[in-house]
Every structure is written in structure tokens, then in C-alpha cells.
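Asker: Quick one: dock chain against chain with the hints and give me the complex.
The listed protein sequences derive, respectively, from chains A and B. Going letter by letter, the first sequence gives residues 1 to 506 in the working numbering. Going letter by letter, the second sequence gives residues 507 to 651 in the working numbering.
Do not rely on the hints blindly, as some may be mistaken.
Straight-line alpha carbon distances no greater than 25 Å define the calculated SDA-like cross-link-like pairs of lysine to any residue that follow [what the hints assert, rightly or not]:
| id | chain 1 | residue 1 | chain 2 | residue 2 |
| --- | --- | --- | --- | --- |
| 1 | B | Lys578 | A | Arg284 |
| 2 | B | Lys616 | A | Ser291 |
| 3 | A | Lys351 | B | Lys625 |
| 4 | A | Lys328 | B | Lys532 |
| 5 | A | Lys328 | B | Asp521 |
| 6 | B | Lys531 | A | Ala309 |
| 7 | A | Lys328 | B | Asn630 |
| 8 | A | Lys172 | A | Ile243 |
| 9 | B | Lys625 | B | Asp520 |
| 10 | B | Lys624 | A | Met303 |
| 11 | A | Lys328 | B | Lys625 |
| 12 | B | Lys625 | A | Ser302 |
| 13 | B | Lys625 | A | Asp337 |
| 14 | A | Lys375 | B | Glu631 |
| 15 | B | Lys625 | A | Phe335 |
| 16 | B | Lys624 | A | Val370 |
| 17 | B | Lys531 | A | Thr330 |
| 18 | A | Lys328 | B | Asn633 |
Not everything, but these chain A residues come out facing chain B in the computed CB check (under 7 Å) [stated by the list, open to error]:
| id | residue |
| --- | --- |
| 19 | Arg297 |
| 20 | Arg301 |
| 21 | Gly305 |
| 22 | Gln308 |
| 23 | Asp337 |
For the record, the hints were derived by calculation from the structure and aren't laboratory data. Backbone N, C-alpha and C fix where the C-beta goes; we use that ideal spot for every residue, glycine too.
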Amino acid sequence: MQNPKTKHEATVGIFLPDPEGRREVVHAVKKAGYATQEFSALAGVDAAALHECDLLVVSWEHWPAVKLRVQAEEGKGTQAYARLSALVCCPAQADGPASHLEPDDTTAFLPEPVDLRLLILQARALLKRREVEADLRYRLKEREDVLRSISEVFFSVDHEFRYTFFNEKAEKVGGKPAADIIGKDMWETFPFLKNSNFHRQMLQAAVDRQIHISEYLGPITGGWFEMRIYPSAGGLSALFVDITARKKAEESLHRAQEQLTAANSNLERAVEERTAQLHEANQRLEELLYSIAHDLRSPLRSMQGFAQAFVDDFSAALDDRARDYARKMTSAAVFMDRMLRDLIELSRVTKTDIQLESVNVAEVWNSAMVQHEEKIKDTGAAIQTSPGLGNVTANQTLLTQILANLLGNALKFTRKGVRPEIKIWTEPVDDHSVAICVEDNGIGIDGRYQEKVFRVFERLNGADYEGTGIGLAIAKKAAERMKGTLDFISHPGTGTTFRLKLPPYP
Amino acid sequence: MLSQQIILIAEDEDDEAFLLERALKKATIGHPVRRVKNGDEVIEYLSGVGRYADREQFPLPMIVFLDLNMPKKSGFEVLEWIRQQPAFRAMSVDVFSGSGRHEDIDRALKAGANLYLKKPITTNELNDLLQSYRQLIACRGFSSP
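In isolation and in its complexed conformation, chain B is listed as follows (with noise of 0.2 Å):
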């Protein structure tokens, strides 16, 4: 399977996801970005129907930045069918939730998310909390294009 490398952000907030890729430029987490706006959407991105037919402009991601609380199908449902695919087992999904509930943490992780990060208030936090994802995902053995 050819990754591009490519980070698919599940965000239904318009000026979140925003906020999110200016601060991943800016943590120079530079892997392009794709982005869908619900449950539903992940999961025909994923699945490459629809609109999303087209691999070339819609490849596979490496990482998908999941919100949990999303309309349609929630972050938990997305998850749970990624794990359920045998060709995205190895997929890794990382949360990315306003929720610090240790419910939702609990069962994000048992569901299959490789990392739960928890949304912080301020750019500053945002930035910082990237920087360290920046190196987690390098660990990881993503090379940054």
C-alpha cells in the first residue's frame, strides 16, 4: 500500500481545523493535509468512494487526526470501523478531542487509538503539545517530506 504521507484531519469545526493545520505548519509537522468534515466523510475517504475515488488527489493517509465528537457518524464509529478493516489495522489514528473525560479516553484507546490528545486552550499550548507529536511521529518512523 503507497502512503503519501499524507495527515486526513476529521474536524467538523471549520476555524478548529484551521487553527489545527496553521499550527501544524507552524510545529513544521509538514506532511500534506486532507480534511473531512464527519464520521461519514472519513469513512468514504478511506474507502475511496464518491468524491474521494481519486487517489491521486486523495491518497491513504499515514495518520488520521480525529475529532471524537463529529455529526453523523462519531469518532468513536470511525474507529472502531478502521479497526475493523484489515488493510487500515496498521493505520495509526490519534484523537484529537476537547473531551478530558476519562471515559472517552478509556474507550478511544480500547477502541484502537494509537494516541489521545487532548485539545488545548491556547496557540501555546497547541504549539508546544504539537512539537512533542512532531517527534512522537518521528519515532513513529514517518520521515517528514
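One chain only, chain A, in its complex shape (with noise of 0.2 Å):
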């Protein structure tokens, strides 16, 4: 539908008797800037000409059968001929058209002699409220079309519940055309619907008047819809989106929370159970490897001790090399003790329950030094220690272990005909460490042996220098006890820096 035209674009219908009086009007209407077309006589008029017309200006004599031919092109459906204007020129007699016919908003009466000044203010009110009611129209006709054709269903009842509009989703929905139920009785209608909670809303909103919003499972098609409930001047009008997709989302949604939340649970108990046995286990490993390091020192002692009798007793039988085999099975005896004493270290320095405390680093190495005192005499090392060592948050036994094993291995690692020289620091590394660092001008470690030399057992030097090779094992297990690590930095040939971190005392 086109915007209706503009006062100035509007043409004025003239069918007025007096050729006199027409020319006049015409002149006026001419001069108030709008077109003309004149019509002499009825049967002049022709449709064509007619539908040209905006305005109508007729006499009275004309007028009934202007009326009767305008109803009767409005009645073939042609949209122009719709509400067409008309203004009635009537003789200003008492027994005039005033007394039996009232105005309407399309129609006006002018008295006769028509006033050419009245006539054009009449004229521009009739195409003014035609003007603006055809544009009301077509406002209302597009909201009307969207309504229509919007893909969601929507309809509108009167305070009696009977429908006054039914767009296309509401047709195809509810299985009826609109043009059947328009003015019928929705409960009748759809009888399903009562008792609804459609029902319940609808009767709600006709009382307070408010909009009301829910959700519900459609009885019709099985989905899911949002209902909208709009109370209007008219009545109320209700709009349904289907929200289904939305839900099967949200409750998708729900169900993998559901069973995100149920297997994180599963995963926390599992975890948990896990955690528990491995525990356990551990123990239990920590357990069987004291008790089996414990239980086989004791037919060590017997080996030994044997061996020792068996050169005691049958001295004058034994030879220099029966003799030197026997003090080899009382060495091997030894070391293997050795070995077994320090893996009682290691599961005692795994399993120990230790407490953190301030430890004053200084005072540490000091014991340490002590427990060394006589290699370090023997080899004449060097140690030089920093001032202000400070303090770290550790175990003072675990703490002393370590420093002791470094110091030891320091003294120990030696190359032949180097002087000992042996140095020990406190570094900030970051707000969460701090490093205590021991350096040795000693043989040195290849780099590539990082994480083998912490291993139990391992020894890289073999028979040159004497060791289990757990000692590196155990300070390790001891730093991680109190939260630390312990890594080194090593020039083969030059020297190794170990750097023990741990937290620092606050």
C-alpha cells in the first residue's frame, strides 16, 4: 500500500450544477492549490476519473447517486474508493440535508451559497484527516502485516475473549484460518485451552491489566514456548515464541554440568582413593626397604665376623693371600653396610615426620665442618665462609645432613695434588628462595650426569674414590623434604657449585 498523496498533489471532484457557481469553486480550489476535475453530469463520471478524485465537492441534488456509484466502486474492492471524501454543497433551507444527515468524518456539509473561504478550510480538513488517517491505516496495516507475517504466533482476543487478529504462525499452529475465528470465542475455539495455564495467565491479565511472561510446554506441538500476555485498550493480545531450541540447550547444558560436576566428583574420589593407596604403598615400600636393609646387616655381621675368626683361629694355616682374601671379604662387609646404613638414612629422611623452623645457615655448616674436621686437617682444604649466611626456613637435622654430604663430597672429589678450596654463600634467588650455594675447586661433574648423580647408587667415579653413592640421593630427598631443591652448576676439571634453594625465613 503507497502513502495517500499530499494536500498539493490532491485532486477535488466537482460535480456541481450552476456552471456559474462550478467556476467559482473551481477558481477557489484551483487557487488553493490543488487540481480540478470537473464532472458536468453523472453520466460523465466515469470510474477513471473518479478514482483520480481526492475530495469530492457535490450538490445536493448530485450527491445520492455520487454516494450510490462511490459505494458501488468500493464495493468491487477498489482500495482508492475507500473512505473518499466528499464535501455536500446543501441548500441552507430549515428542511435541509442538516436536519437528516449528520457529518462524518469523510463527509462535511456546506450551506449554500457555498462560501469559497469556508469551502477551502473544510476542504483541507477532509484531505488533512484523510491524509493522516490513511497514514494511521498504513502504519496500523504494516504493523499489522508484521504481526501477520512474523514467525512466531500471535494473536489478539476483545474483553470477551473473541479473536480479533490470528497471524499465519497462529493459522498454522492452531489448524484454523483466521478468517474462520475472527470474532469467535477463543475457549470455544480451541476448548483445550481452558483450565490451561495459558488459561489461568489470560484471565489473570484481563483483571490486573499487567504482562505476563511464562513458560510452558506447548500442548499443540510439543515444544517449548515463551507466552507473552499483553493487556491493550482492546483487549488482550498474546504472543508465543517457540523457545524449544533454547531449552533443549539450557537443559543439554544442565545435563553436562550434571554429569561434568558428578564426574568431578568421581575424578576427586578416584584421585582421592589413588592418592590414599599410593600412600600406602609407599609406606609399605618404605617399610620393606628398612626392614630388608636392616635384616641383612645381620648375616653381614656373621660374614665378617666369621671371616675374621676364621683368620684368627687358623692363623698359622693361612698364607699372606688366605689371609689378604679374608680382609677383602671383611672391606666388602664393611661397604656393604655402609650401603644398607645410608639406604636406612634415605627411608628415614623419606618418611620422617619434620617440622620447618628457622635455621641459622651459619650454625649449620659450622656442625657440618665439625663432622669433617679431621679430612678437612688432612687435606689441608681451604674453606672460606661468607659473612652473614642469614637464616632459611628448613630442618635443622635435615639441614645439617645436607651441608655435611656437600662439604663431604667436596673434601672427597679432590683432584690429585690441588689444594682444597672450598666456599659457601647465600644468594636471594626470589621472593620464594633462597639459595645456599657450597663450591669446590674439585674434579667436577659433567653436566650430562644432573640427574644421575642424585639417583641411588649411582656413582660416577667408581674406585677412585670411596662412596655408596647415596649420599647425593639423600640430601636430595632432605631438600625436597623442607620444600627445596638442590641442583648444581659444574665445570669437569674445575670445579662444581651445588646450589641448595629453600624458602627464606621471613
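Answerer: Have a look at this one:
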């Protein structure tokens, strides 16, 4: 539908019998800026000409015939004639048309003789009204078209719940054409709606005149709908938005969340169980390690004891070689005993409950030096202790063990003919750790063995240097027990710096 | 109570018992020795029941040399039992164990052991240890036979 013509394009059709009067009217109308279409007689009125008119100026005598003609054209369904405006010029007698004809929105009566200024004013008013109404109709139509064609169910009812509007989607869902149900009672048309949630909401909205919004499972399609009921001057309108897809997505999301939660708690439980199992298995292994290491020492004592008894009791019968063999048995037993003791120590470091406290590094270093006093004297080692070693958060026993071990290694793995020089200092690493560094000028460790040196029974230097190969494993374990780490930087042939990182003491 | 000044060795391992007796002799601890093989036997011996009824042959010892890790009743249980017997309250019970665990040492001393000796690994160390031990029991007032 097109917007109506504006005032200045409007055409006024003139049906006036008096040529004089007509000329005056035509002149005035033209002067007012309208186009004119003159009709001298009813016979000369053709549909096309009438069609072009926006306003008719009709004499009282012509009016019934013109009106019939217009109505006949309207009856043909020709849009343009709808609500054609007319100015009817009537004689000003007492029995004139004003007494039995009321003016309406589209018709005004002009008393004769026609006052041209009044005619123009009336014409303007009618055309303006016509323009406004057409515009309004246009807008309403447009809105209705939108409502009619939207993909959601939309309908309106009056205050008695009779259908006043029923859109295409509603027709489709309801299975009835709008033409069949407009004006019909909603509850009779769709009896299953009675006593439904929708029914209750509609009744409620009719009373409280509020917008009602709710979600429900549709009885017809089985899908989910969001129902919105809007009160209006004429009654109520209802919009049904299909939210099945959203609902399904929500449901599957909800299910997925539930599954996830369940899976999570299962996982947590499983992790807890596994942790407990591992903890127990670990504990059993450590106990086993301890008891194996412990029990192995008893036959070892006997082996050594009998080797010695053998030498003591049969000394006369033995030559030097036999005595040397017996001596080797003893030293093998002694070495194995040291390994077993170290293993016991490792398991002890691993499982003993420890407490972390403020430990003075210098104090611990001193006691490590006391442990190795003899060796320091023997090797003539130069030990340089930096001032202000400070405190760390550690366990006194474990830290002593580590530093004694590092010092012991520094004194042991020396280069032939080189006087051992050992330095200890501390340096901050970051907010979470302080490094205690122990540097030597010994044989060094190839970086490739970074991991290997910390493993139980790994010995890099074989028979040249005595040792069980557990010392660094114990030291590393002890560092870990104190929430620290132990690593080293080394250049073979120039020395090694071990770095023990520990939490600083706040 | 007549004590024949014997030493009762409680040790389940025959070899260890043999080497210990040998080392005792070498350390000139010349007290006669009796040996039992587990905790139950210690208690039977001290109670003088069963095959230990003959006090002539199995006199009450002046020292019990007690291993901790033994079958049946452990050394700890034996210790506790001994200290519950009024007659044996004053008896010397010296633990001779392979364990160097602080827990074991503490527990044994708390249970009433007079001494805790850790079994050394070599004969030489054992000899040294028993030399000191000889001096110690001499200080306790036991005369050598």
C-alpha cells in the first residue's frame, strides 16, 4: 500500500450543476493549490476519473447518485474509493439535509450559497484528516502485516475473549484460518486451552492489566514456548515464542553440567583413593626398604665375624694370600654395611615427620665442618665462609645432613695435587627462595649427569673415590622434604657449585 | 637371691650368638653364659619353668643380654615383662640390637633397659665395644669370676 497523496497533489472532483457556481468553486480550489476534475453530469463520471479524486465537491442533488456510484466502486473492492471524502453543498433551508444527515469523518456539508473560503477550509480539514487516517491505516496495516507474518504465534482477543487478530503462524499451529475464527470465542474455538496455564494467565491479565510472561510446554506442538500476554485497550494480545531450541540447549547444558559435576566428584574420589593407595604403598615400600636394609646387616655381621674368626683361629695355617682374601671379605662386608646404613638413612629422611623452622645457616655449616674436622685437617682444605649467611626456613637435622654431605663430597672429589678450596655463601633467588651455594675446586661433574648423580647407588667415579652413591640421593630427598631443591653447576676439571634452594626465613 | 653371675644371652641367630660369646671371651668377660632363642624362652628361663626349672643348671643371670628383634615375644615385650616382676627389678638388662633407630633406642630405655648397645659390623669394633662394656659392668659392682 502506498502513502496517500499530499495535499498539494490532491485532486478535487467537482459535481456542481450551476456553471457559475462551479467556475467559482473550481477557481477557488485551484487557487488553493489543488488539481480539479470537473464533472458536468453524473453520466460523465467514469470510474477512472472518479478514481483520481481525493475529495468530491458535490451538490445536494447529485450527492445520492454520486454516493451510490462511489459505494458501487467500493463494493468492487477498489481500494482507492475507500473512505473517499466529500463536501456536500446543501440549500440552507430549515428542512435541508443538515436536519437528517449528520456530517461524519469523510463528509462535511456546506450551506448554499457556498462560501468559498469555508469550502477551502473544509476541504483542507477533510484532506488533512484523510491524509492522517491513510497514514495511520498504512502504519497499522504495516504493523499488522508484520504481526501477521512473524514466525511466532500472535493473536489478539477482545474483552470477551473473541478473536480480533490471528496471525499466519497461529493459523498454522492452530490449524484454522483466521477468517474462520475472527470474532469467535477463544475457549470455544480451542477447548483444550481451558484450564491450562495459558487460560489462567489470560484471565489474570484481563483483571490485573499487567504483562504476563511465562514458559510452558505447548499442548499442540510439544515444544517449549515463552508466552507473553499484553493487555491493550481492546483486550489482550498474546505472543508465543518458540524457545524449544533454547530450552533444549539449556537442558543439555544442565545435563552436561551435572555430568561434569558427577565426573569431577568421581575424579576427586578416584584421585583421593589413588593418593591414599599410593601413600600406603609408598609407606609399605619404605618400611620394606628399612626392614630389608636392617635385616641384611645381621648375616653381614656373621660373614664378617666368621671371616675374622677364620683368620684368628687358623692363622698358623694361612698364608698371606688367604689372609688377604679374608681381609677383602671384611672390607666388602664393611662397604655393604655402609650402603645398608645409607639406605636406612634415605628411608628415614623420606618418612620421618619433619618440622620447618628458622635455621641459622652458619651454625649448621659449623657443625658440618666439625663432622669433617679430620678430613679438613688431612687435606689442608681452605674453607671460606661468607659472612651473613643468614637464616632459612628448614629443618636443622636435614640441613646439617645436606651441608655435611656436600662438604664431604667437596673434600672427597678433589683433584690430585690440588689443595681443596671450598666456599659457602647464600644469595637470594626470588621471593620464594634463597640459595645456599657450596663451591669446590674438585674434579667437577659433567652436566650430563645432572640427574644421575642424585640417584641411589649411582657412582660416577667408581673405585677411585670411596662412597656408596647414596649421599646425594639423601641430600636431594632431604632438600625436597624441606620444600627446597638441590642442583649444581659444574665444569669438569675446575669444580662444582651445589645450589640448595630453600624458602627464606621471613 | 643367689645370683651366679651368669650372662643370659637372648639372641635368635645362632651365628650371632656364637660370635658374641666368642667376643665376650676375647674381651675377658669370663662370666658363664646361657643362651635362649626368643622372647618366650627368656621369660620361661627367668620364671624357672619347663626345661629351665633346674636352677643349678639354669641359674638366674646377673645380666640379660637382650636382642630386640626376636621371634615370638620381642625384646621390648620381654623388657616390659621383666620390669613388671618385682624380683627382677634390679636385674641388669642390656639391649644388644642391630637397630640404630632413635625410636627403638628411646623405647628400649623407657621400657627399663640399663644400656643400649648397637651391634657393630666388624669383629674389631665389637671387641672394642665389649672392652668398654667389661669396664662398665665392673663399675656396676659385679666381680669377675
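Asker: Work down the list of hints and note, for each, if the structure agrees.
Answerer: Hints and how they fare:
1. B/Lys578 x A/Arg284: holds, 22 Å
2. B/Lys616 x A/Ser291: With a Cα-Cα distance of about 23 Å, the restraint between B/Lys616 and A/Ser291 holds, given a limit of 25 Å.
3. A/Lys351 x B/Lys625: holds, 24 Å
4. A/Lys328 x B/Lys532: Holds, because 23 Å separates the two Cα atoms, which is no more than 25 Å.
5. A/Lys328 x B/Asp521: holds, 20 Å
6. B/Lys531 x A/Ala309: holds, 13 Å
7. A/Lys328 x B/Asn630: With Cα atoms ~15 Å apart, A/Lys328 and B/Asn630 stay inside 25 Å; holds.
8. A/Lys172 x A/Ile243: Given pair A/Lys172, A/Ile243 holds - Cα atoms ~17 Å apart, limit 25 Å.
9. B/Lys625 x B/Asp520: Status holds; Cα separation ~15 Å.
10. B/Lys624 x A/Met303: holds, 18 Å
11. A/Lys328 x B/Lys625: holds, 21 Å
12. B/Lys625 x A/Ser302: holds, 11 Å
13. B/Lys625 x A/Asp337: holds, 12 Å
14. A/Lys375 x B/Glu631: With Cα atoms ~21 Å apart, A/Lys375 and B/Glu631 stay inside 25 Å; holds.
15. B/Lys625 x A/Phe335: holds, 16 Å
16. B/Lys624 x A/Val370: holds, 23 Å
17. B/Lys531 x A/Thr330: Given that 25 Å is the threshold and the Cα spacing comes to 21 Å, the pair holds.
18. A/Lys328 x B/Asn633: Distance ~19 Å between A/Lys328 and B/Asn633 Cα, so the pair holds.
19. Arg297: Cβ of A/Arg297 sits 5 Å from chain B, so the hint holds.
20. Arg301: holds, 6 Å
21. Gly305: holds, 4 Å
22. Gln308: Hint on A/Gln308: holds, closest Cβ of chain B at ~4 Å, below 7 Å.
23. Asp337: holds, 4 Å
Violated hints for the displayed structure: none, as all numbered hints are satisfied.
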